[in-house]
Amino acid sequence: SQQGEEDPQALSIQEGENATMNCSYKTSINNLQWYRQNSGRGLVHLILIRSNEREKHSGRLRVTLDTSKKSSSLLITASRAADTASYFCAPVLRGGGADGLTFGKGTHLIIQP
Amino acid sequence: KAGVTQTPRYLIKTRGQQVTLSCSPISGHRSVSWYQQTPGQGLQFLFEYFSETQRNKGNFPGRFSGRQFSNSRSEMNVSTLELGDSALYLCASSLLQGDYGYTFGSGTRLTVV
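The listed protein sequences correspond, in order, to chains A and B.
So the first sequence is numbered by the working numbering: it starts at 5 and just counts up by one.
So the second sequence is numbered by the working numbering: it starts at 386 and just counts up by one.
Among the clues, some could well be false.
Just some of the chain B residues that point at chain A, by a computed CB distance under 10 Å [what the hints assert, rightly or not]: (1) 401; (2) 403; (3) 422; (4) 476.
These are calculated hints, taken from the structure and not from any lab test.
Just so you know, even glycine gets a beta-carbon here, dropped at the ideal spot from N, CA and C.
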């Protein structure tokens, strides 16, 4: 199965700043998904980017995908206190992801007021 | 539309007992997967069901089992509970395996004493 590795493991920034986190993976993918988890709760799907896409936007989120480097990045602009959470990437294998989603340790983002 | 519903939200069981957790996916979603989350191991994939068939299983002992019904509702069962089974168990549903984002439930917090 495919597992993404998020970097950095932890990130602390001031409210209003931008936050960037990265994801690396090892094999060819069908798509890559980003999720957010607030403390002790279920994951929330943020964005899905397909292997033939290079960039995708959703509100204050911007995701890029570089399949040649097997990496993705998630940018959160104009951060807010409510963005404090753990962020996970989940690469889905080519073929539809029969292995389910596999997650790394995540990036723990703290937004300081 | 209603989200993914997991019941119960909290559960306390004694070592050696068995437990059944329930998950109702979003209407129309046929893929249901289960995850275990612990502070030490993070998010780990348990298994995924699609149209009542288990499509893949993570690296868990046979004490962990599941099933999916014709209405896509799913249950997972853990027999002979161990202290290490204490975790947040998350269920997620999707239209198709891996090709769309997954919607997660709020989870069942299982404590084994």
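Results of checking the hints against the structure:
no.: 1; hint: 401; in the structure: 27 Å, violated
no.: 2; hint: 403; in the structure: 24 Å, violated
no.: 3; hint: 422; in the structure: 9 Å, holds
no.: 4; hint: 476; in the structure: 9 Å, holds
Of the numbered hints listed earlier, those contradicted by the structure are 1, 2.
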